[in-house]
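Q: Line by line, the protein sequences give chains A and B.
If you count by my numbering, then the first sequence holds residues 1 to 488, one letter each, in order.
If you count by my numbering, then the second sequence holds residues 1 to 225, one letter each, in order.
In case anyone wonders, no lab produced these hints; they're calculated from the structure.
Since the structure is predicted, the reported quantities are computational estimates derived from the model, not experimental observations.
Glycine included, C-beta positions come from ideal geometry on N, C-alpha and C.
Treat the hints with care, as some may be off.
[Unchecked claim] Which stretches of chain B does chain A cover? Using the computed rule of at least three CB atoms under 8 Å from a CB of chain A, they are:
1) 29-39
2) 50-64
3) 71-83
4) 86-99
5) 150-159
6) 164-173
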Amino acid sequence: MERCGNAPPDDVPVVLAREGQHGPVIHAANRTARIEGILPGSRVVDMRAICPELQVEYADVAGDHAALDRLVLWARRWCPWTVRDGDDGLILDTTGADHLWGGEAAMLVEMETQLSLLGLTAQLAVAPTWAAAWALARFGPVRSICGPDEAYFKLGPLPVTGLRLDDPTVLLLRRLGLKTIGAVMDVPRLSLTRRFVKAGLQANPLMRLDQMMGKLAEPVSSVDAKPVIRVQARLAEPIFDPTPYLPDLCEDLCAQLKQAGMGCRRLHLTVYKTDGDVSHVDVATSATTRDAAHLHSLFRDKVERINPGFGFDLITLAAGAVEEMQERQNRLDGGSDDDLHLTRLIDRLSAKFGPHAVTRPILRQSHVPERAEAQIAALADQPEEGGVLTKERPLRLLDHPEEVRVLYAVPEGPPAQFVWRRQTHRVARYAGPERIAPEWWKDRPGTRLRDYFKVEDQTGLRLWLYREGLHEDGRGGDPRWFVHGMFA
Amino acid sequence: MGLLRMHKGLAGQGDHPAAMTHTLSEAFPCTPNDAGALGFILSRLPCTTAPILWVQDRLSRKEAGRPALAGMPANRPVIMVDLSRASDVLWAMEDGLRCRALGAVIGEIWGDPPALDFTATKRLAMRAEAADVSCWLIRRAASPDLSAARDRWRIASLPSAPHPHDAQAPGHPRWALDLFRSRRSKPGQWVATYDRASDRVDLSAPVRDRTVDPRDGTVRERAAG
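Construct the complete structure from the given sequences, taking the supplied hints into account.
A: Put into structure tokens, the structure is as follows:
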């Protein structure tokens with residue numbers, strides 16, 4: 001729905017494709033392609049056989065949804081109560097609003113004009129109920145208007161697909177010879193009830209008919225636009241440092257947030273330079289907040305990264321990721337909120353040193369020591385798969401195991417003596433080996449197994465030593481020895 | 001329980017509950033790659049489920065490795081902060097000490113950087129006492145010069161206790177503790193045996209011929225210096 005600069009001409013068949021189960025399928029087609037016989041839902045390769053000059057673009061379904069959501073708010077110009085209907089429709093509750101536009105017919109013309117100015121084609125209809133408007137807009141005549149008592153005549157000739165039923169039910173009705181909505185209406189109510197007594201709304205023609213005729217309620221629940229929370233400071237003359245204005249801006253922003261009952265997780269500070277350029281700094285918090293002092297502290301070392309150029313005369317501070325937030329007090333005496341302090345601490349640390357510097361190690365289910373620990377974000381939820389270790393593990397692990405030079409290696413057991421970091425350690429006592437085989441589903445083929453020993457040298461230093469591989473295991477030469485960690 | 005025993009053994013805290021407040025302590029491992037100091041520190045942390053803020057500088061991480069969660073005595077959450085400069089480590093520790101939700105703050109600094117002077121340690125100590133969060137500074141390859149840390153330990157690993165079932169294997173770890181400066185108790189030297197299963201530290205006097213000090217552990221004394 002977003003407009004691109006180069007729209008294809010109308011005489012070229014263009015389709016939008018999306019990923020289906022067996023390759024891409026057609027999501028939508030333009031008029032030329034539809035005339036060529038291309039059906040939405042069929043596979044692109046099949047349709048290429050029908051129409052070799054077909055142009056295929058990929059559909060941006062999520063973008064279309066977002067654009068339609070924005071259009072819902074844009075359509076509030078005609079009536080105050082609008083909502084998105086499925087993937088491709090809008091429902092406007094124009095009750096009491098049509099006379100402002102000179103009647104329903106004039107309102108439809110006005111809507112079509114305004115939407116075509118946006119570059120959108122629209123099929124419009126006015127009807128007393130949601131279901132009737134849905135059917136009329138898609139299958140009825142252009143700009144059809146249906147009064148409250150003429151539903152039977154206006155809707156009767158429309159095909160049964162206008163009942164918003166799922167495909168098997170439509171097929172069933174067709175097989176029963178019920179091809180129009182009017183035909184379904186003429187069937188005695190008792191028969192329909194008996195036939196579709198267990199069917200849900202999607203597969204129940206009777207309930208859909210009742211919705212269409214207004215016997216079953218289908219309310220339109222409108223959505224509210226998210227408030228834009230933004231403050232700005234206009235300056236009399238260009239400055240180079242926004243720091244003196246930040247506390248006031250944060251205060252004003254937090255006052256706005258408090259009034260709306262919201263908190264934010266992001267802040268965007270933008271400065272508009274005198275030479276027409278824009279520079280901005282973003283900060284993020286790990287929990288929603290509206291504490292001005294805390295938000296201000298997050299900018300402490302960040303404002304230096306703004307390139308002031310020849311100075312700037314407008315500063316705006318906008319809140320992003322706005323969420324509802326309730327004030328909470330978790331202690332009766334009104335003391336400090338400990339969790340809040342922890343999240344703020346992590347915010348400050350992440351803001352200063354970057355989010356990758358602040359992590360939280362968790363245990364994972366793996367026997368390979370490097371994989372037994374994972375780093376997650378400091379406040380992320382811990383996945384429930386912590387491994388239970390029964391073996392003793394060292395207190396420190398080296399990031400990269402360090403190779404040692406071994407003297408007097410014996411085929412079994414640890415070496416009698418080894419040199420690590422230019423110091424000779426004589427093994428006084430040892431425990432082991434603990435054999436850890438490579439994880440064949442993750443490791444490269446040819447990875448050697450490890451035999452871990454806890455060794456203690458003559459001075460009492462306890463190390464975690466391992467031998468990589470075995471003699472004559474056919475995976476490289478002689479086994480090598482590594483120090484991997486230190487015990488307490 | 002190890003904690004309680006340590007406090008009683010070291011300072012006779014029964015009479016002076018005010019002196020139980022957590023504060024800044026420094027630990028000097030005798031060799032940089034000795035994890036005994038770390039084991040001693042972990043056994044002395046308060047037994048809560050509050051997270052530990054663990055700040056490391058780059059050289060400590062490279063030379064002495066990172067703390068392994070699998071080897072920690074109790075499975076408590078750790079928030080790791082990996083930094084490169086000593087001044088950043090001090091900043092992060094000081095910021096962490098503002099937060100009472102933390103169980104402890106542990107910092108590791110390699111060598112004697114100019115940022116780690118008396119003022120910096122004084123700030124850390126005062127913040128730790130204000131927030132009542134215990135704070136440990138592990139200083140590897142460092143010289144114990146002027147510092148405001150309330151307790152200063154020199155810790156080395158000793159050959160471990162005999163293993164009860166296997167004569168060849170190392171048993172419970174043993175450490176030589178040297179409290180060479182302390183503001184709230186009398187300095188001394190001990191040999192600690194750590195029992196990993198029950199997370200408890202047993203102290204004994206070093207094997208040395210010396211007279212028993214009658215005031216040891218009963219009267220609170222201020223150490224010289």
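Q: Now look at each hint and say whether the structure bears it out.
A: Right, here's what the structure says about each hint:
no., hint, verdict
1, 29-39, "holds (count 7)"
2, 50-64, "holds (count 5)"
3, 71-83, "holds (count 10)"
4, 86-99, "holds (count 7)"
5, 150-159, "holds (count 4)"
6, 164-173, "holds (count 5)"
Going down the numbered hints, you'll see the structure goes against none, and every one checks out.
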